Amino acid sequence: MVVQLYLDLLSQPCRSVFIFAKMNSIPFEFESVQLCNGDHFSEQYGKVNPLRKVPALKDGDFALAESVAILLYLSRKCNTPDHWYPSDLQKRARVDEFLSWQHTSIRPNAGIMLWLKVMIPMTLEKTCPAEKLAAAVETLNETLQQFEDKFLQDKAFIAGEEISIADIVAYSELMQAFFAGHDIFDGRPKLAAWQKRVESKIGQDILDEAHKMIQNPKQMTVSQTALEAYKVRILKLLQ
Amino acid sequence: MGLELYLDLLSPPCRTVYIFAKKNGIPFEFKEVELMKGDHISEEFGKVNPVRKVPALKDGDFTLAESVAILLHLARKYKVPDHWYPADLEKRAKVDEFMSWHITTLRQHTGKAFWLKTMAVALLGKPLPPEKIEAGLQELHATLKQLEEVFLQDKPFVTGDKISLADLLSICDIMQSFGGGHDVFEGCPKLAAWRQRVESEIGVELFIEANGGIQDAKSFSEQKIPPEVAKRLMARLQHHLGQH
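Sequence lines, in order, name chains A and B.
First residue of the first sequence: 1, per this note's numbering; consecutive thereafter.
First residue of the second sequence: 1, per this note's numbering; consecutive thereafter.
These aren't lab readings, by the way, just hints derived from the structure by calculation.
Don't take each hint at face value.
[As the list claims (entries may be wrong)] Straight-line C-alpha distance at most 25 Å; calculated PhoX-like pairs for lysine-lysine:
1) B:Lys91 / A:Lys190
2) B:Lys155 / A:Lys58
3) A:Lys91 / B:Lys224
4) B:Lys91 / A:Lys77
5) A:Lys150 / B:Lys77
6) A:Lys58 / B:Lys224
7) A:Lys91 / B:Lys58
8) A:Lys91 / B:Lys79
9) A:Lys132 / B:Lys77
10) A:Lys53 / B:Lys145
11) A:Lys201 / A:Lys22
12) A:Lys47 / B:Lys145
13) B:Lys58 / A:Lys155
14) B:Lys47 / A:Lys150
15) B:Lys231 / A:Lys132
16) A:Lys155 / B:Lys145
17) A:Lys155 / B:Lys47
These numbers were taken from a predicted model, which means no experiment stands behind them.
Make the full structure from the sequences, and use the hints.
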C-alpha cells in the first residue's frame with residue numbers, strides 16, 4: 001500500500017515534503033488540496049486532517065499532519081540515507097534545532113512576502129502600503145542574517161558537509177519570498193552559494209515539478225470562499 | 001565541565017527542559033538567565049545562543065538552542081525511558097506532530113495570555129481593558145479546544161496510555177496562562193483531569209518547583225525592570241496588542 005500525500009504546491013511545507021519524497025524515490029499518491037479553491041474546508045479533508053492544513057499524510061488508517069513530522073516519519077519508514085537525519089547525536093541536534101527555529105522565523109518572515117506582494121493586490125486590488133512592506137523586509141533581513149550566522153556559518157549545509165531535511169525545509173521556506181518577487185539572494189553571496197548547492201542536489205527535474213505552481217503566483221485563481229477567508233487574514237495583517 | 005542548561009523558569013520551554021532533566025536524573029548545572037534582568041542580552045550569553053533565547057544547552061564546546069531539539073538530544077544521550085519519545089513509528093510521529101504544532105499555537109497563545117494579563121500590569125502599572133484581554137484570549141480558547149479534540153481525544157495522554165514530551169511541553173505552556181490568574185481549565189473538565197494525571201506523573205513536588213514561580217503573578221508587578229529590558233518588553237507587549 002502506497003502512502004497518500006495531501007499537498008498544495010503553493011505551500012512551502014508541501015514542497016518540502018514533495019521534494020524529499022521525490023529525491024528519495026518514495027512512491028506516493030499525490031492528493032491535490034487546493035487552498036485557493038477552499039478544498040481544505042471540505043468535510044472529506046476534515047477527516048484526513050482536522051487541523052485543516054497542508055501537508056497531510058495517510059498511510060492506511062494512520063493520518064499525520066505537520067511537515068516536520070511527515071518528513072521524519074518518511075525518513076524512518078523508508079530508511080532514507082543517514083545524511084537526511086544523521087544518526088550522529090550532535091548533527092541530528094543541529095537538524096532538530098533548525099526545524100524547530102524555522103516555525104517562528106523563516107516561515108512567517110519569508111512567507112509574509114507572498115501575502116504582501118501577491119495576495120494583497122489580488123484580493124484588495126491595491127498595492128501593499130510601502131511602510132508595511134519595508135518593515136517586513138527589515139524583519140526578513142534580520143532572519144536571513146540569523147540563518148547565515150547561526151545555522152549556515154561556514155558549512156556547506158546546515159548539519160555540515162551533507163544535505164539534510166533541514167536544508168530542504170530552509171530552501172522551500174526561503175524560496176517562497178523569492179517567488180513572491182523579493183530577491184533574498186541579492187547582496188548575500190553565502191546564501192546564494194548555499195541555494196545553488198541545494199538546487200544541485202535536488203536536480204532540475206524535481207525543481208521544475210515542485211515549482212510549477214509557485215513560480216507564477218500571480219496566475220493563481222482564487223475561489224469566492226477562499227477569497228473571503230484571505231480578505232479577513234489580510235485585513236488583520238494590515239492593521 | 002559537564003552539561004549546562006541555561007534557563008529562566010519564567011519561560012515555559014525552560015520549565016519543560018528543567019522538569020525533563022530532573023525527572024530523568026540527568027545531572028546538569030543550572031545556569032540562571034533572568035530575562036527580566038536582561039541576562040539574555042549579555043555578551044556572555046550571546047556566545048551560548050546568538051539568537052538570545054532560552055532555553056539553551058552547553059555541553060563542552062557543543063551549544064544547542066530550541067527546547068524541542070534540547071529535549072530530543074537529552075532523551076537520546078541519556079537513554080531515557082521509551083514513553084517520552086516512543087520508538088514505535090506511529091507514536092513517535094504523533095509526538096513529532098504535536099511538538100511541531102504547539103510552537104505556533106499553544107506556545108504563542110498561552111504566552112499571549114500571560115503578556116496581556118501579567119506583563120501588561122508589570123510594564124504599564126495597571127491592567128488592560130477587559131475587552132482587549134478577552135479579544136486576545138480568543139485564539140487560546142480555540143487552541144485549547146484543538147488540544148482536547150484533536151490531540152488528546154479520549155486518551156489519558158497525547159500518545160495513549162503514557163506521558164510523553166508532548167504532554168510535558170503542553171502543561172508547561174498552559175501554566176504560563178495561569179500566570180495571569182487565568183484558569184484555563186475552568187469549564188474544561190477533560191483538560192483539568194489530564195492536568196492532574198500529568199502532574200501526578202511528574203510528581204507534585206517537581207511540578208511546583210518548576211511552575212511555582214509563574215503562578216505568583218503579584219511578584220511581577222513588583223519587579224524593578226532595567227530600562228533597556230523594559231524597552232524590549234514593551235515592544236513585545238505592543239506586538240501582542242497589535243495582533244487584534
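Hint-by-hint comparison with the structure:
With a C-alpha separation of about 39 Å, the suggested pairing of B:Lys91 with A:Lys190 is violated against the 25 Å cut-off. Pair hint B:Lys155 plus A:Lys58 holds up; C-alpha atoms about 21 Å apart against a cutoff of 25 Å. Straight-line distance between C-alpha atoms of A:Lys91 and B:Lys224 comes to about 41 Å, which puts the hinted pair past the 25 Å bound. For a cut-off of 25 Å, the pair hint linking B:Lys91 to A:Lys77 stands: about 13 Å separates their Cα positions.
A threshold of 25 Å between alpha carbons decides the hint, and for A:Lys150 with B:Lys77 the separation of about 23 Å falls inside it, so the pair holds. With a C-alpha separation of about 53 Å, the suggested pair A:Lys58 and B:Lys224 falls outside the 25 Å cut-off, and the hint is violated. The straight-line distance between the Cα atoms of A:Lys91 and B:Lys58 is roughly 15 Å, inside the 25 Å bound, and the hint therefore holds. With a C-alpha separation of about 17 Å, the suggested pair A:Lys91 and B:Lys79 falls inside the 25 Å cut-off, and the hint holds.
About 45 Å separates the Cα atoms of A:Lys132 and B:Lys77, which puts this hinted pair outside 25 Å; it is violated. Between A:Lys53 and B:Lys145 the alpha-carbon distance is near 16 Å, which keeps this suggested pair within the 25 Å criterion. For the hint pairing A:Lys201 with A:Lys22, the CA-to-CA distance comes to about 12 Å; that is within 25 Å, so the pair holds. Taking the CA atoms of A:Lys47 and B:Lys145, the gap is about 17 Å. The hint holds against a cut of 25 Å.
A C-alpha spacing of about 21 Å is found between B:Lys58 and A:Lys155, which places the hinted pair at or below 25 Å, so the restraint holds. The hinted pair formed by B:Lys47 and A:Lys150 meets the criterion: a straight-line CA distance of about 11 Å does not exceed 25 Å. With a C-alpha separation of about 22 Å, the suggested pair B:Lys231 and A:Lys132 falls inside the 25 Å cut-off, and the hint holds. For the given pair, A:Lys155 sits about 43 Å from B:Lys145 by alpha-carbon distance, which is inconsistent with the 25 Å threshold.
The suggested pairing of A:Lys155 with B:Lys47 holds, with an alpha-carbon distance near 18 Å, which does not exceed 25 Å.
Consistency with the previously given hints fails for numbers 1, 3, 6, 9 and 16, ordered from lowest to highest.
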